[in-house]
Each structure stands twice: as C-alpha cells, then as structure tokens.
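Sequences listed follow chains A, B and C, in order.
Each residue of the first sequence is one higher than the last, beginning at 1 in my numbering.
Each residue of the second sequence is one higher than the last, beginning at 149 in my numbering.
Each residue of the third sequence is one higher than the last, beginning at 497 in my numbering.
Be aware that one or more of the hints could be misleading.
What the hints assert, rightly or not - Each computed DSSO-like pair below joins lysine-lysine, with the alpha-carbon atoms no more than 30 Å apart: (1) C:566 x B:446; (2) C:656 x C:778; (3) C:777 x A:100; (4) A:100 x C:778; (5) C:762 x A:100; (6) C:566 x A:100; (7) C:656 x A:100; (8) B:269 x B:256; (9) C:566 x C:777; (10) B:457 x B:446; (11) C:777 x B:174; (12) B:256 x B:457; (13) B:220 x B:269; (14) B:174 x C:656.
Said to hold, decoys possible - Some but not every residue of chain C turned toward chain B, in silico, with C-beta under 10 Å: (15) 518; (16) 521; (17) 524; (18) 531; (19) 574; (20) 670; (21) 679; (22) 690; (23) 693; (24) 740.
Calculated from the structure, these hints are not laboratory results.
Ideal placement from N, C-alpha and C gives every residue a C-beta, glycine not left out.
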Amino acid sequence: MTTDYEPRIVGFLCRWCSYPGADLAGTSRLTYPPALRIIRVPCSGRVDPLFVLKAFQEGADGVMVLGCHPGDCHYMEGNYHARRRYALMHRLLEYVGIEKERLLVAWVSAAEGRRFAQVTTEFTTQVQELGPWGGMEGRGGEWGREVS
Amino acid sequence: MQVTTREHLTAWLDGLARHLTLIAPKTVEQRVLYRPVADSSEIAFDFARTDLPVKEHFLPPTHVLLSIEKGKEGVRLGEPSPERERVVFGLRPCDARALRVLDALFLKEPADPYYAERREKTTLVGLACREMGEQCFCTSLGLAPDEAGDVDVMLTVMEEGRGGEEGRRYAVQVMTEKGAAILGVLNLEKVEGALPVPAAGSKTPVLEAGAWPRLFDHAYWARLADRCLSCRLCTYVCPTCRCFDVRDYEVPCEGASSGGASNGSAPGGRIERLRAWDSCMAEGYRRIAGGHNPRLTKGDRLRNRLYCKFCYYPQDYGPVACVGCGRCIARCPVNVDVVEVLADVATL
Amino acid sequence: MGEGSELIDKIRAKARELLQGGRVDCFIGYEEGSRGRARPAFIYDPQDAERLIWDERCAHNLVVYLHQFKSPLRRGEEPPRVGILVKPCDSRSLNILFREEQIERERVYVVGVTCDGVRTNGQPQERCRRCAERVPLVYDIVMGGVPNVLGRDDYADVTKLEQMSPRERLAFWTKEFDRCIRCYACRQACPACYCFECVAEQLDPAWMGIAIDLSQKQFFHCMRAYHLAGRCSGCSACEEACPMGIPLSLLNRKVAREVEALFGYKAGQDAETPPPLATFKKEEQLPL
C-alpha cells in the first residue's frame, strides 16, 4: 500500500459552527494540509450518510463530517441525529471494508480555529498513512488533476 | 460420427484460450455462469443450465455506446474499442436458439452494430442436453434438447467413456464453416454409432400468436399478478429479454466510466453514453413525460411481458421470444410459472 | 408444524368468516403452487378459502403485499381492508409498518400462526435456526400449537467477517457484489422497502447511474443496508429472492446487531417504540 500519494479528503462542514471555525483557521493564518475539499451544509444533520458513501465511490480517500458541539446546534437537534447516524455508519463502513479511520466525525465550534487546523492535520496524516482508498472500482479516476 | 475425449477437448480449449477469449460455464460461488476463462481448468463441464443466460456476452449488462469529448478542436466522438474474437463453449441449445431470436430484432436492418459485432466475432460451441430439466419446456416451443442448427459446432456427451473423466467421450458435429475453422487441431476419431437421443419431456400447449389478442381484457392477468413482486428478475435471467435504458454520464477525466449524472460537459471532461439492462416489469419503465403510465398495475405489466413473448414479438419479428429454458420458473420467488400460465391460457 | 390439517381447516374457516362478514375485502395467505411449491394466495371470494394451505413450505413474507392495498381500488372509496396470515418473523415486519404509519392497524385483520421453521426445497432455512420468536408478536387471533424449537442468533458468521482485516472484508464483499445484476428482487421482496422512488432510480438527484458495474452495486447494497437500519425484521425474503445467491442477511444482520448494541433497539418488537434513528438522547455518549 503506497503512502506516497496526494490524499483526497472531502469535508462536510456545518454553516454555523465548523465552517466559520475553518474560516477562523484561515484568517488566523494557521496552516493545515490542502488535501481537504470543503462542502458547506446548513447543519451536520443535513449530511446524509449516503453523501459519505458517495464521496468514497467518487474517489475520496477520507471523509470528515464536522458539526457544532452537541447542545449548540443552531437548529437545536441536527447534530444529535448526526451523532446517532454516524455512530452506526462507522460500523457499517468498516464492515464493508472501508476502514473506520477514513471517516472522521467531530465537533468544532466557530471559535475553534486552532482545533479545526489540528483535527484536519491529524486526519490527513492518518489517511495518508492508510494509503489510497480506491475500493469502489469503476469510479474514482484521476481526480488529482484539478479543474480550475 | 466423429468423437473426441475430454482430454483432447481440454487441450484444444487451452489452445483456444491462448489466442482468443474463451467463454465457458464457470462455477462462481454457488452459481454457474458463462464467464471468460483463462484455461480449461476453470470450466465446469458437468452442469445442467447456467444461472444467467449467454445473452450477457452479446447484450452486456452495461456498455459504452460512444463517448463525446469537447476539446480545443471542437467536439470529438469516440467509439468503443473493437471486440476480440471469442468462442463460447458449452452453449445449451436453448441459449443458442435465444441468440437466433435476438438476431431477428438486433440484426434486422438497421442492425445494432454492437450486437452484430459480437455475434460475428463469436464462434458457438454447443453442448447438447441428454435430458430435459424439471423446469425445461423447450420441446413445447418446437425446439429440441439436442437441436444443433443454432451453433457452429455441437458436442454431445456419449454414454460410454474410458478411463474416468479424462476419457469421457463427446460426439462432435461440425455445423458451419466457422465451426470447421475453429476445430483446428482438435483430435477427432471416426466411430460407428448414432447420437444418443434425449429423453422426451411432456409438452405444454402454446397458443399461437394470433389467438392472444382476444384474451387481452380477461380478468386472469390481474389475478395472476397479485402475487408478482415486480422484482424484475425474470427479465434478467431470461435469454430473450432485451429491454434497455440509455443515459449519458460525465466522466471527470480519463479512464473511469459510469457514475454520477450530469448532461453538460465540463471543459476537458468527457461524456459517455451508456446502455444498460432495464426491465418492462419495473413500475416506472413505461411511464412517460407528464406522468401517465400505460402499464401502471402489475397485471398490465405481467400481461405485457407474456404478450411480448408469445404474441407481439412473433407478429413483428417471426420467432416466439421464449426458448423454454425454465430459468424464470426456477427463480421467480412467488412461483409465477410460465408453463402453468400457458396451460391456463389454452383453456381461457 | 401446528396440528396439520386441523390447523389448515381453522385458517380456511377464519378466512371464509372474514370475507363473508365483509370484515375484509381480501385475505392473503398461501396456496398450493406448481411443482410442489407453496405460493402467496389472494382470496377475494369466501368459497376460494378452500385454496389456503399452511405448511413448512410457506416461507414468503406476505406483509410486503400490504403496500398494494394502501390506495382505494376505485376513486371515492375507502382503501380495502385486508386479512393476512403471518408467521412470527412476518409479524415483526407488520409492527414496523404500523409504527411507520404505512398501514392502519384497523384496516388489517392479522391471523398469526406459530411456527417451527420453514423450508426451501426441503432444506430448513438458515434464519429459522437463528429465530428466537415462535409466536407472532402482533395478531388479532393466533393459531397453531405450542412451538417446539427455540433458536438463537449467535451472529457467528457476522463475527467471522468482523475478525477479518478491512481489506479482506472488502475483497469478500467485492466478490459477492460482483455477481449482483441489480435486478432489485431483494428490494421488491422486502416489506420495509416501500419508497415510491428508490434512491437507486431517482433522477433528480441522480444518486446512482444505470450502470450495472461494481461500484454502483456496492453503493446500492450499502445504501439499502443503511436504510434498513432499525427496520429490518430479519425475515431473509431478500436473500431468498436473490437469483445470484448473495448473502444479504450477513449484511443486514450486522446492521441490526449494531443498532441493538448502540441504541438498545430491536426492530418490530412493538408498534409504539420510536425508531432509533428518528430519536436521540441528549446525554448519550456514542463512539464516533
């Protein structure tokens, strides 16, 4: 398994907490690996577990789902639902052969720029060490060539 | 007649597999399927009937019709690469007849080039049935378990064989020039004797095409379809069912095919037009723009499937679109039995 | 199973009574099929109740047919009322549909039968060996004798798979899904799969393509397994229907086991408990 590759990581960040957290990391000039492609959603509760599966199918090597800390969800309950869904999805993914270390679900608030950078760096390193995913043949191509 | 032994057969097949694609019955988990094999050791010689018909190698479950690339020079259309020469070994007469049935549609002008190419580049080596299976009813459709007219070479297992598996003997009938060409170095021995005659099964009456229209509004169809799940598997395991869907998909870069939908093309992107199996038994199959569905109920769809096979297809193209292989009978989860239906229909 | 022909007479009598009294418009049970098989029967006329049978060939989960009786047969009418024969496993599917408000309880007359296991082609089904419920969990009337055998699901086959490395598991499922032809027999046979338009066939958004290739099949089965989380009764209708012999219960039971471990919920035990993925506990700690 090669570890010398550019990992492709998709992050689903919620609009109220984790996305501003990422913004804060940026404006604070904190560095984190550029492997992450962010998709902003209104709430971590919006993240359908099928999005995660689809990301892996389309060539992602790792997926992050970041939301508000439990109790702080802007929509009150979204992240509670996400918490249940992803506790389960982790186990299903592991069972069908996607290592659970490839899916990270974490709570990052809008004030936690540093934590965002740290979480992303650690996760990217972890995915790097696991090697490329590529387990759903027929898809995934050479996504590394950026289309600007 | 000419005979050969299993040992010579395997040597000949190994030779074939070296320079063209050899497709033969292969055990895959608990199923027997026609699959490309690397050599004769992968072949399941003693099988009754494969679980999927050979149609998957002539009408693939999914294939690329063409690709569309938009670059600096404009729009470029790409064709799929040419097929390799192939031999299908171990083809049962019903599956071979099914190819003739499909020919009536797909080779009729204008011919389907993808099907035509595969048909032309494939030599069919048949294996006659010694007896009819429990669900088989080929004889009811004017076919025979040892029908050799639809293949290029026909093999028949002989009763006696010397020395176990390796010595088992096969009668060899060369049916076409294509068949003669493929035989090449196969070791043949001339012997006296006759081909074994397969045991005859019982026949079920099959109403001829013109007699079906008057039964169209009968209440029988809705009652029969009550238990149908619209699961579609009958159409997928059937050797003559052929409906398909065509869609365009964007491929981000070189290499991969199929996947997420988009019908625009990104700069530097490529679009592939895919054809994939579909089924008239699906509820949405015949739904048209605007939402109207002429076959909304299961009864409509089941009736249509049977009419397509026994009435419309023969009226439009000639042959009855059923070869009596019995796969749908074996696999239908709720026992919709076409032989039973044919017997019922004859009395309606 | 049960008391043989005496039980069959009771079932027929009940169906006849329900139809004659107008309590139901249709009774769903089993009848003699062709080639020694049993098959689902739809009785609309009281005298046709004679066709009903009950023996160990009656493996189908009939609850799946309730979905086709949700709409009125003619405009302006009420939806039809249905009588149905259920085994214990089927009764769990019923509870799930009642809980999800797909079927109104009053519209169904449930005739439960105790069960000692069913057979396919004479062979006992694997799922019956694992079954711990031999008496239906919901019924208007229950018939049959005291069941003999009580099984238990030790999840041995699931554990065996869990003990492999992730790459070995991937290789296993790749090998299994490779045979899949996307016929959707599994989905159609499942009482819990009733979406008007399945994710697999939606055009907008287009989750999946039409291609019958490995990645689509992997996606479909993982998606369906996830959508059945907390909703699968373990009836194995999917696995029995699959023409390619794919071990779907190996996938669905893993999810069911995790749902039980994480949320303490087992599908179909009653029609009141909220489904696990529709609720939450604020203070719960879950491994993520």
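Do the hints match the structure? See the list:
1. With a C-alpha separation of about 15 Å, the suggested pairing of residue 566 of chain C with residue 446 of chain B holds against the 30 Å cut-off.
2. Restraint check: the Cα-Cα separation between residue 656 of chain C and residue 778 of chain C comes to about 34 Å, which exceeds 30 Å; the hinted pair is violated.
3. With a C-alpha separation of about 24 Å, the suggested pair residue 777 of chain C and residue 100 of chain A falls inside the 30 Å cut-off, and the hint holds.
4. With a C-alpha separation of about 24 Å, the suggested pairing of residue 100 of chain A with residue 778 of chain C holds against the 30 Å cut-off.
5. The straight-line distance between the Cα atoms of residue 762 of chain C and residue 100 of chain A is roughly 24 Å, inside the 30 Å bound, and the hint therefore holds.
6. The suggested pairing of residue 566 of chain C with residue 100 of chain A is violated, with an alpha-carbon distance near 41 Å, which exceeds 30 Å.
7. Distance hint between residue 656 of chain C and residue 100 of chain A is fulfilled; the C-alpha atoms sit about 18 Å from each other, no more than 30 Å.
8. With a CA separation close to 18 Å, the supplied pair residue 269 of chain B and residue 256 of chain B stays within the 30 Å bound.
9. Of the supplied pair hints, the one linking residue 566 of chain C and residue 777 of chain C is violated, its CA atoms being roughly 34 Å apart against a limit of 30 Å.
10. Between residue 457 of chain B and residue 446 of chain B, the direct Cα distance comes to roughly 17 Å. Compliance with the 30 Å bound is thereby established for this hinted pair.
11. In summary, the hint linking residue 777 of chain C to residue 174 of chain B is not supported, as the alpha carbons are separated by about 52 Å, beyond the 30 Å threshold.
12. Annotation: proposed proximity of residue 256 of chain B to residue 457 of chain B holds, straight-line Cα distance about 18 Å (limit 30 Å).
13. A distance of roughly 36 Å separates the Cα atoms of residue 220 of chain B and residue 269 of chain B; the hinted pair therefore is violated under the 30 Å criterion.
14. Distance restraint check for residue 174 of chain B and residue 656 of chain C: the Cα-Cα separation of roughly 27 Å lies within the 30 Å cut-off, and the hinted pair is therefore satisfied.
15. Among the interface hints, the one on residue 518 of chain C is violated; its C-beta lies about 20 Å from the nearest C-beta in chain B, farther than the 10 Å criterion.
16. With a cut of 10 Å, the hint placing residue 521 of chain C at the interface with chain B is violated, because the nearest CB-to-CB distance is about 13 Å.
17. Because the beta carbon of residue 524 of chain C sits about 9 Å from the nearest beta carbon in chain B, less than 10 Å, this interface hint is met.
18. Interface hint at residue 531 of chain C: satisfied, since its Cβ lies 7 Å from the closest Cβ of chain B, which is below the 10 Å cut-off.
19. The criterion of a C-beta within 10 Å of any C-beta in chain B is not met by residue 574 of chain C, whose closest approach is roughly 19 Å, and the hint is violated.
20. Given hint, residue 670 of chain C at the interface with chain B, is violated; its Cβ is 12 Å from that chain's nearest Cβ, farther than 10 Å.
21. Interface restraint check for residue 679 of chain C: the shortest CB-CB distance to chain B comes to about 4 Å, inside 10 Å, so the restraint holds.
22. At its closest, the beta carbon of residue 690 of chain C sits 12 Å from a beta carbon of chain B; the interface hint therefore is violated under the 10 Å criterion.
23. The beta carbon of residue 693 of chain C comes within 8 Å of a beta carbon in chain B, closer than 10 Å, and the hint placing it at the interface holds.
24. About 6 Å separates the beta-carbon of residue 740 of chain C from the nearest beta-carbon of chain B, less than 10 Å, and the hint is met.
Of the numbered hints stated above, those contradicted by the structure are hints 2, 6, 9, 11, 13, 15, 16, 19, 20, 22, listed in ascending order.
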